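Please build the complete structure, drawing on both the sequences and the hints.
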Amino acid sequence: MYSLPEGYEDIRSRAREFALREFTEEVSRRYDESEEYPDEIRRKVFSAGFLDMADPWKVLIAMEEFCRVDPGLGLSAIASMFGSEILMLFGSDEQKERYLAPVLRGEKISGFAVTEPSAGSDVAGIKSTMERTPDGDYVLNGEKMFITNGTVADHYYLLARTSPPESPDKRHHGLSLAIIERRWPGVSPTKLRGKLGMRSTDTAEIKFENVRVPKENLVGEEGKGFYYVMTFFNISRIYVAAQAVGVAQGMLDLYLDYVLSSPSPPSEGAQFVLAEGATKVEAARLMTYRAASLIFQFNPDPALTSMAKYYAAEVANELAQKIMGIVGEDGLRGRLEKLYRDAKITEIWEGTSEIEKLVIYRQLSKRRSS
Amino acid sequence: MLKDEEKLLRRVVTEFCESNVEKERLRIERDGIPDSLIRAAAESGFLGALAPPELGGSGLDLRSYSVLLQVMSKYSTSLAYYVFLQNSLFIAPLLKFAREDVGRSVIPEIASGGSKGTLVQDIFRRSKNSLSYEGKLNGMADMVPLPDADHHLALVRSRDGDALVLSNPGNVLERYRIIGLRGIEFGKVSYEGRADVITERGSSAAEELMGEVAIPLSAMALGVVERAVDMAAQYSKEREAFGSKLSEFQPIAFYIADVQAQFRVLEEYLYSDSPDPLTVKVLSLDLARKASRMSIQVHGGYGYFEDIGVERLYRDAAVLSSIAGNYLDDMTKLSRGLLGDFAAKI
Ligand SMILES: Cc1cc2nc3c(=O)[nH]c(=O)nc-3n(C[C@H](O)[C@H](O)[C@H](O)COP(=O)(O)OP(=O)(O)OC[C@H]3O[C@@H](n4cnc5c(N)ncnc54)[C@H](O)[C@@H]3O)c2cc1C
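Protein sequence lines, in the order shown, are assigned to chains A and B. Okay, so the first sequence: first residue is 1 according to the numbering used here, each after it adds one. Okay, so the second sequence: first residue is 1001 according to the numbering used here, each after it adds one.
Mixed in with the good hints there might be a few duds.
[As the list claims (entries may be wrong)] Pairs of lysine-lysine residues, derived as DSS-like cross-links and limited to a Cα-Cα distance of at most 30 Å, are as follows:
#1 K207(A) <-> K1023(B)
#2 K170(A) <-> K1188(B)
#3 K127(A) <-> K1245(B)
#4 K357(A) <-> K1003(B)
#5 K280(A) <-> K1345(B)
#6 K224(A) <-> K96(A)
#7 K1096(B) <-> K1003(B)
#8 K280(A) <-> K1290(B)
#9 K127(A) <-> K58(A)
#10 K170(A) <-> K366(A)
#11 K357(A) <-> K1345(B)
#12 K1245(B) <-> K207(A)
#13 K1007(B) <-> K1023(B)
#14 K322(A) <-> K357(A)
#15 K1188(B) <-> K191(A)
#16 K1290(B) <-> K322(A)
#17 K1237(B) <-> K127(A)
#18 K58(A) <-> K108(A)
#19 K224(A) <-> K127(A)
#20 K170(A) <-> K191(A)
#21 K1245(B) <-> K357(A)
#22 K1245(B) <-> K224(A)
#23 K322(A) <-> K1003(B)
#24 K1007(B) <-> K322(A)
#25 K280(A) <-> K366(A)
#26 K1023(B) <-> K191(A)
#27 K1237(B) <-> K191(A)
Keep in mind that the hints were calculated from the coordinates and are not lab data. Keep in mind it's a predicted model, so treat the numbers as computed, not measured.
Okay, here's the thing in structure tokens:
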């Protein structure tokens, strides 16, 4: 796949225009400083038709183009549906009706709660528990950490342990996924402030104390939660790859502005930074689209997806450091410094770069042995 | 590598930072450096580090001064920069270029913390150069550190070339913080008033100045590296994933060992008998960027939040890389030292 499916270049232009019009420097700065959730932006993105889960290419392109201008605002808007694929794939009809539909209509916001204070990469190491009550419902206890949309989501898709593992090497068994409403008794989210970047995204620590979870809110089968989460990550990671491509492209845009606005013609050293950067961004973009095209045809290749995410994040962060070092003082305020701060998260969330590499190895070695 | 008195100084500064800076580090970043800390730094002789004792200073040589900045930068690069600004960018140029009767008299005030100095580097700005001097200092300057400082040294255009002048404070039009060194306020200042010429060799003074800040700047960068590595090493020994300490995973251990190995060689070189300033600068700034990125990565999600204290290293590394020339300028000079004046022109 060497180009986007037909019609998407138009969508790209619309997304670009939207981002340039709505994510002005003033708006960007305001949310970055206040760390408030940009609900007005989310609504506008929804009304403009970019949050259309039935058309994943559109969402992916919007993610890329929005992050090119302001990753925090772009992500906040698009991730307002965070985790929805879980219900699309594994949810019951009632769950889709009750929880998914309002999210897709832009009326509600969702979150995806896996990470805990003592376990992030090691998903199976989580400690939250959901214990069965005699009437078949569950009682949830535990703590989640770094949850995007934590204080603004209406509900979360949450992973907790429903039975102890049979043995230490089977820790990924006995985990289950459930839908938890934020306003239920016993749910207490606390906003976490002071992030390096992505500061307009809402991040929270959430405590769950004896939260009553009706059995209807269990997603899919009990004990299969780990598998559902990994399936979700194999999809959602591609959006992180698109974020990183967008951030990297945004930095190249600013770098080119800087070079061209110089009174003297750029040295070859300055030219090569652009040439090398643009080459890598293009490679990252192609990897992202290739992995995306397989996912969107329901034939995902997890190795490719992880490669795209790892490589795009690497390119974004490498470029961030290189360009900041060249632009110098002019880059210490404004859009460039913001992209530099925002870029770093792409190496961390939804699987750190190290975890992506483990996935790549595992997949490739599995293929060899089969 | 370090002489006994330098080791002693390192201990003294470490103790100073442990008792005065560490507990304030988040407050410094959020609200600026508290006055009490500036007073304490003055009392310890840090604000007049480079001034001779007869002008109220500590008379440190370049190596000891570097030790001071490196240690301080580990705890707060904002505070280290404050000391650097008073010394390398204010006291040092006055000592070097000012006549006895003009300029030097303010040094004791700066050393005692009674007043603050700053340097306006307008001469290096690409197109925005708008300060001029014709008997009076005129125009506007952006990115002035401590815009409310009592004394402003300015590198400006004058009728007969470039000059270094000492001016009274200007009118502060805007105050802001930049990506890093959040404890330091920057601003836009308009000047229209009396200023004394310190030297008329402005451009060459500026060049010399930039040459001389390379080592102190590198020392601050190494402070960032040291903190980044220490924190990553510590965290990797405590945090567990998949039932093992992070330090047990090869990639994590290698990241830390790699940065630490480069740090040791660079530190050794910086404190050797005759380090090449530009070489140290290019390599230590590069390592500061790499080390701070690595340390955030080792800390995972926690690294992304300010209370842990590694994300500020990442931001500070970006500023250190930009405040005294940029990478291309440095590499050009480095190439010319090696290959001759025509090198790296194109
Ligand atoms: C702003 C933000 C938003 C987030 N949003 C969400 C969200 O909405 N929902 C959610 O569930 N989580 C969220 N997260 C959490 C994120 O997914 C985790 O931070 C991430 O998975 C890493 O986990 P950790 O922070 O616990 O780091 P750790 O797992 O402790 O990892 C620390 C370091 O060790 C490395 N490491 C770990 N294991 C190995 C290994 N076997 N080999 C080599 N290296 C290893 C990691 O790569 C990393 O460099 C968010 C995080 C942030 C910062």
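Going down the list of hints, with the structure as the test:
no., hint, in the structure
1, K207(A) <-> K1023(B), "28 Å, holds"
2, K170(A) <-> K1188(B), "61 Å, violated"
3, K127(A) <-> K1245(B), "18 Å, holds"
4, K357(A) <-> K1003(B), "45 Å, violated"
5, K280(A) <-> K1345(B), "26 Å, holds"
6, K224(A) <-> K96(A), "19 Å, holds"
7, K1096(B) <-> K1003(B), "26 Å, holds"
8, K280(A) <-> K1290(B), "19 Å, holds"
9, K127(A) <-> K58(A), "37 Å, violated"
10, K170(A) <-> K366(A), "19 Å, holds"
11, K357(A) <-> K1345(B), "41 Å, violated"
12, K1245(B) <-> K207(A), "26 Å, holds"
13, K1007(B) <-> K1023(B), "24 Å, holds"
14, K322(A) <-> K357(A), "24 Å, holds"
15, K1188(B) <-> K191(A), "34 Å, violated"
16, K1290(B) <-> K322(A), "11 Å, holds"
17, K1237(B) <-> K127(A), "21 Å, holds"
18, K58(A) <-> K108(A), "20 Å, holds"
19, K224(A) <-> K127(A), "16 Å, holds"
20, K170(A) <-> K191(A), "34 Å, violated"
21, K1245(B) <-> K357(A), "19 Å, holds"
22, K1245(B) <-> K224(A), "27 Å, holds"
23, K322(A) <-> K1003(B), "36 Å, violated"
24, K1007(B) <-> K322(A), "35 Å, violated"
25, K280(A) <-> K366(A), "28 Å, holds"
26, K1023(B) <-> K191(A), "23 Å, holds"
27, K1237(B) <-> K191(A), "28 Å, holds"
Hint compliance for this structure: hints 2, 4, 9, 11, 15, 20, 23, 24 are broken, all remaining hints hold.
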